[in-house]
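Asks: Sequence:
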Amino acid sequence: MTPAPPASDGSFSLFVRDPSAERPEYPVKFALFGALGDLALSRINHQVHEYTSTVYPKSLREVYFCGRVADYDTPGLIGELYSRCKSYHQLESYFTRAFLDSFEQRGDTGGPDSKDLERKISDAVTNSETEILTSLGQFLVANYCTTGTAEEFDSVFTNSQIIDSDWIFYLALPPAAYADTCRRIQNAFRNATPHSEASKTRKLILLEKPFQTTLEEATDLARDLETMEEESLGLQFYSVDHYAAKWTLSRLPGMVHEIQTFRDIVSNTDRVVIDLSEKKSIPMFRTGYMASTGLFNDMMPHALVALQFLFAGKSVMVVRDRCECLAVGSEENFMAAADKIQTDTGATSLNQETYFSIRIELRVSEPDGSCPRTVTVYIRSAKALMKENKKVHIIPRCDEDDLPFFTIDIAEEDFPEPTTEDGYSGSITDGDVADEEQRGYSKILFDAISFLRGNKFGDDCSLSPPLEFLNPKQSVEVIRNMVDIKNCLQSNHARDHAGVDPFQNPLPYPAGVSWLDEEKESPILCPLTPGK
Numbered sequence: 003m004t005p006a007p008p009a010s011d012g013s014f015s016l017f018v019r020d021p022s023a024e025r026p027e028y029p030v031k032f033a034l035f036g037a038l039g040d041l042a043l044s045r046i047n048h049q050v051h052e053y054t055s056t057v058y059p060k061s062l063r064e065v066y067f068c069g070r071v072a073d074y075d076t077p078g079l080i081g082e083l084y085s086r087c088k089s090y091h092q093l094e095s096y097f098t099r100a101f102l103d104s105f106e107q108r109g110d111t112g113g114p115d116s117k118d119l120e121r122k123i124s125d126a127v128t129n130s131e132t133e134i135l136t137s138l139g140q141f142l143v144a145n146y147c148t149t150g151t152a153e154e155f156d157s158v159f160t161n162s163q164i165i166d167s168d169w170i171f172y173l174a175l176p177p178a179a180y181a182d183t184c185r186r187i188q189n190a191f192r193n194a195t196p197h198s199e200a201s202k203t204r205k206l207i208l209l210e211k212p213f214q215t216t217l218e219e220a221t222d223l224a225r226d227l228e229t230m231e232e233e234s235l236g237l238q239f240y241s242v243d244h245y246a247a248k249w250t251l252s253r254l255p256g257m258v259h260e261i262q263t264f265r266d267i268v269s270n271t272d273r274v275v276i277d278l279s280e281k282k283s284i285p286m287f288r289t290g291y292m293a294s295t296g297l298f299n300d301m302m303p304h305a306l307v308a309l310q311f312l313f314a315g316k317s318v319m320v321v322r323d324r325c326e327c328l329a330v331g332s333e334e335n336f337m338a339a340a341d342k343i344q345t346d347t348g349a350t351s352l353n354q355e356t357y358f359s360i361r362i363e364l365r366v367s368e369p370d371g372s373c374p375r376t377v378t379v380y381i382r383s384a385k386a387l388m389k390e391n392k393k394v395h396i397i398p399r400c401d402e403d404d405l406p407f408f409t410i411d412i413a414e415e416d417f418p419e420p421t422t423e424d425g426y427s428g429s430i431t432d433g434d435v436a437d438e439e440q441r442g443y444s445k446i447l448f449d450a451i452s453f454l455r456g457n458k459f460g461d462d463c464s465l466s467p468p469l470e471f472l473n474p475k476q477s478v479e480v481i482r483n484m485v486d487i488k489n490c491l492q493s494n495h496a497r498d499h500a501g502v503d504p505f506q507n508p509l510p511y512p513a514g515v516s517w518l519d520e521e522k523e524s525p526i527l528c529p530l531t532p533g534k
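Under this note's numbering, think of the first position of the sequence shown as 3, with each following residue one higher.
Calculated directly from the structure, the hints in this document are not laboratory data.
One thing to keep in mind: the hints can contain errors.
[To be verified] Taking lysine-lysine and the DSSO-like style, the derived pairs with C-alpha atoms no more than 27 Å apart in a straight line are:
id	residue 1	residue 2
1	K316	K202
2	K88	K122
3	K458	K475
4	K488	K475
5	K316	K458
6	K488	K202
Remember, predicted model here, so these are calculated numbers, not experimental data.
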């Protein structure tokens, strides 16, 4: 029987049912900061919609702490939604195919930032004879029209019901807004009444982006967040998205079946290969960023978190003078491909992806103090400018290969959902209970609720967070390793190539390079073969 909703306090509630009926029903308050960002559009909104569509409608609030509160008249919101969805290739998730066909037939809709796009959308909304939004789009518009200001958000905490629930705050905001937003949350709970009861609840704050953009800023933020956690308010901060490598870690159980078996293999090998291939299209406004340095900053943390997982409990040190950049894409040709696509979508003469390939050497020491061993790690990545025009294939696994490979398709989500045993323990979440439907395969919101619920009702209230959640100290360590490795690569490459920076001044990448363009299941982005 569907439970009755709790009394509304102006916040958004996720009311979780457990199919086993062994644990109490568990209300969780949820606040979303920034609903039209990349990850919110592609994942979080979908997850929230799944909850609400399977239980009962709820009110969802979005609060801007960035000096701007959007004007949420319906045409204006739909116009902004269309613009954002177009940028992030999410149009078909929020808009019906019939409307998109009709709208596109009217001529050029303009770029994502076109000033007259909202006017065209407004006209289309007024005159459309077809359904405009999918059920997800309708959900977003209906709920985000009730968007609250910062003051309205603060007013939620004047209601006594706040002390009875755990909270999840999801910050899909620019990194520069994290510190102030987290302090607002801290102050809201600090001032909640009665304080002693408020401190018994848990507040999970998930940060979508990395901890700032530099190591210094990340360290400062992590220090502030750790100080907040020490206060008796129940605050817990974790980073998610790229710098937590959520897909990397979530797919490990499915790839190797037995984690310990794979760790045993890694503990005895002297080489590891990590391949990361993103097959989704890159939004045009990000092509410049992704052309060279941006790809490294975007994809390298996936590999570093995988290594952090594989060598857990061991002391690992990067051998600085043994890091080498084997191949790196060129901004000139990448941008030329972008310009060509804008005028001729059928063009295939230019390479349309950005890539890098590096080799690093690790000194791994066992906990027992035995002699450290050297592990060579190859990390290779490519990202398509347009999914359908992708030409670089990073498929290094051959039958004769005896290396432990990670072939990580960050954007591929068509793999089957694992069972409860395969995934994060306790990750059963709302589905159609009558049909024994289970959800929760590495979904941020679902795993967050399972984590909170497990700590609240489980026998052991010190349950570890999901693998894809990194605490502040872990997040800083990932960025520190990334910066250190990049500095090593740059200095070593400059030493051997007359001062050339491989990321700022990448080598030319002409069309027709056989070892990049040929489709073959062998190592592609570096001269690497088993035994060599």
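Asks: Against the earlier hints, flag every one the structure doesn't satisfy and list their numbers going up.
Replies: 1, 5 and 6
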